Amino acid sequence: MEEKKIVLAIDDQVQQLNEFNSMLVPRYDLRVVKAASEAISYLNKNRVDVILLDIEMPNISGFEFLDDIRRIPSYIETPIIIISGNTGEEFLKKARNSSANGVLSKPVKSEELIDLIDRSVTARQ
Numbered sequence: 003m004e005e006k007k008i009v010l011a012i013d014d015q016v017q018q019l020n021e022f023n024s025m026l027v028p029r030y031d032l033r034v035v036k037a038a039s040e041a042i043s044y045l046n047k048n049r050v051d052v053i054l055l056d057i058e059m060p061n062i063s064g065f066e067f068l069d070d071i072r073r074i075p076s077y078i079e080t081p082i083i084i085i086s087g088n089t090g091e092e093f094l095k096k097a098r099n100s101s102a103n104g105v106l107s108k109p110v111k112s113e114e115l116i117d118l119i120d121r122s123v124t125a126r127q
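Residue numbering for the sequence shown follows this note's numbering, beginning at 3 and increasing consecutively.
Please note that a few of the clues may not be correct.
Here are the simulated lysine-lysine pairs, DSS-like style, with alpha carbons at most 25 Å apart [as the list claims (entries may be wrong)]:
| hint | residue 1 | residue 2 |
| --- | --- | --- |
| 1 | K95 | K108 |
| 2 | K96 | K108 |
| 3 | K47 | K6 |
| 4 | K96 | K111 |
| 5 | K7 | K36 |
| 6 | K36 | K111 |
| 7 | K36 | K108 |
| 8 | K111 | K6 |
| 9 | K7 | K108 |
| 10 | K47 | K36 |
| 11 | K36 | K96 |
| 12 | K7 | K47 |
| 13 | K6 | K36 |
| 14 | K95 | K111 |
| 15 | K111 | K7 |
If you anchor each label on the Cβ, the simulated ranges turn out as follows [stated by the list, open to error]:
| hint | residue 1 | residue 2 | range |
| --- | --- | --- | --- |
| 16 | E58 | E5 | 27 to 37 Å |
| 17 | K6 | E92 | 30 to 40 Å |
| 18 | R29 | E91 | 24 to 34 Å |
| 19 | T89 | I62 | 14 to 24 Å |
| 20 | E5 | T89 | 15 to 25 Å |
| 21 | E91 | K47 | 16 to 26 Å |
| 22 | G90 | D31 | 25 to 35 Å |
| 23 | K95 | E4 | 28 to 38 Å |
| 24 | S39 | S101 | 29 to 39 Å |
| 25 | E91 | E5 | 37 to 47 Å |
| 26 | N23 | G87 | 11 to 21 Å |
| 27 | E5 | G90 | 35 to 45 Å |
| 28 | E4 | E92 | 19 to 29 Å |
| 29 | E113 | R73 | 27 to 37 Å |
The set of hints was computed from the structure by calculation and includes no laboratory data. Quick caveat, the model's predicted, so the values are computed rather than measured. Where a beta carbon is used, it is the ideal one built from N, C-alpha and C, also for glycine.
Please put together the full structure from these sequences, using the hints given.
Okay, here's the thing in structure tokens:
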């Protein structure tokens, strides 16, 4: 039996984390945190296969977090998928030009998210 991929979802909205849970479990081993600071702490102690990142969070922007994560050697190539309710043209351009592996707009469709996670993990192998 193949081991489930570990997905870390970072979002300050409990409702969004609950939606990720209903979309992704039991296909993936889902871990959730509500803040970038929690995510950094978690990632310093644990391995994950994919990160789902909300960009608009309190205290630190998702873009700053993305830069911080890419400085951790074991996470340089980890797939990171930006998920945001911001659909502005400038924002989307910045998101697509970042070191993220994909960008999805909220509300996220389950099929799109699963497909992007699977493609990201496959591309990394």
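Evaluated hints:
{"no.": "1", "hint": "K95 <-> K108", "verdict": "16 Å, holds"}
{"no.": "2", "hint": "K96 <-> K108", "verdict": "17 Å, holds"}
{"no.": "3", "hint": "K47 <-> K6", "verdict": "19 Å, holds"}
{"no.": "4", "hint": "K96 <-> K111", "verdict": "22 Å, holds"}
{"no.": "5", "hint": "K7 <-> K36", "verdict": "20 Å, holds"}
{"no.": "6", "hint": "K36 <-> K111", "verdict": "21 Å, holds"}
{"no.": "7", "hint": "K36 <-> K108", "verdict": "17 Å, holds"}
{"no.": "8", "hint": "K111 <-> K6", "verdict": "21 Å, holds"}
{"no.": "9", "hint": "K7 <-> K108", "verdict": "23 Å, holds"}
{"no.": "10", "hint": "K47 <-> K36", "verdict": "17 Å, holds"}
{"no.": "11", "hint": "K36 <-> K96", "verdict": "23 Å, holds"}
{"no.": "12", "hint": "K7 <-> K47", "verdict": "17 Å, holds"}
{"no.": "13", "hint": "K6 <-> K36", "verdict": "22 Å, holds"}
{"no.": "14", "hint": "K95 <-> K111", "verdict": "21 Å, holds"}
{"no.": "15", "hint": "K111 <-> K7", "verdict": "19 Å, holds"}
{"no.": "16", "hint": "E58 <-> E5: 27 to 37 Å", "verdict": "33 Å, holds"}
{"no.": "17", "hint": "K6 <-> E92: 30 to 40 Å", "verdict": "37 Å, holds"}
{"no.": "18", "hint": "R29 <-> E91: 24 to 34 Å", "verdict": "33 Å, holds"}
{"no.": "19", "hint": "T89 <-> I62: 14 to 24 Å", "verdict": "22 Å, holds"}
{"no.": "20", "hint": "E5 <-> T89: 15 to 25 Å", "verdict": "35 Å, violated"}
{"no.": "21", "hint": "E91 <-> K47: 16 to 26 Å", "verdict": "38 Å, violated"}
{"no.": "22", "hint": "G90 <-> D31: 25 to 35 Å", "verdict": "33 Å, holds"}
{"no.": "23", "hint": "K95 <-> E4: 28 to 38 Å", "verdict": "37 Å, holds"}
{"no.": "24", "hint": "S39 <-> S101: 29 to 39 Å", "verdict": "20 Å, violated"}
{"no.": "25", "hint": "E91 <-> E5: 37 to 47 Å", "verdict": "40 Å, holds"}
{"no.": "26", "hint": "N23 <-> G87: 11 to 21 Å", "verdict": "18 Å, holds"}
{"no.": "27", "hint": "E5 <-> G90: 35 to 45 Å", "verdict": "39 Å, holds"}
{"no.": "28", "hint": "E4 <-> E92: 19 to 29 Å", "verdict": "40 Å, violated"}
{"no.": "29", "hint": "E113 <-> R73: 27 to 37 Å", "verdict": "33 Å, holds"}
Violation of the numbered hints given earlier is confined to hints 20, 21, 24, 28; the remaining hints are satisfied by the structure.
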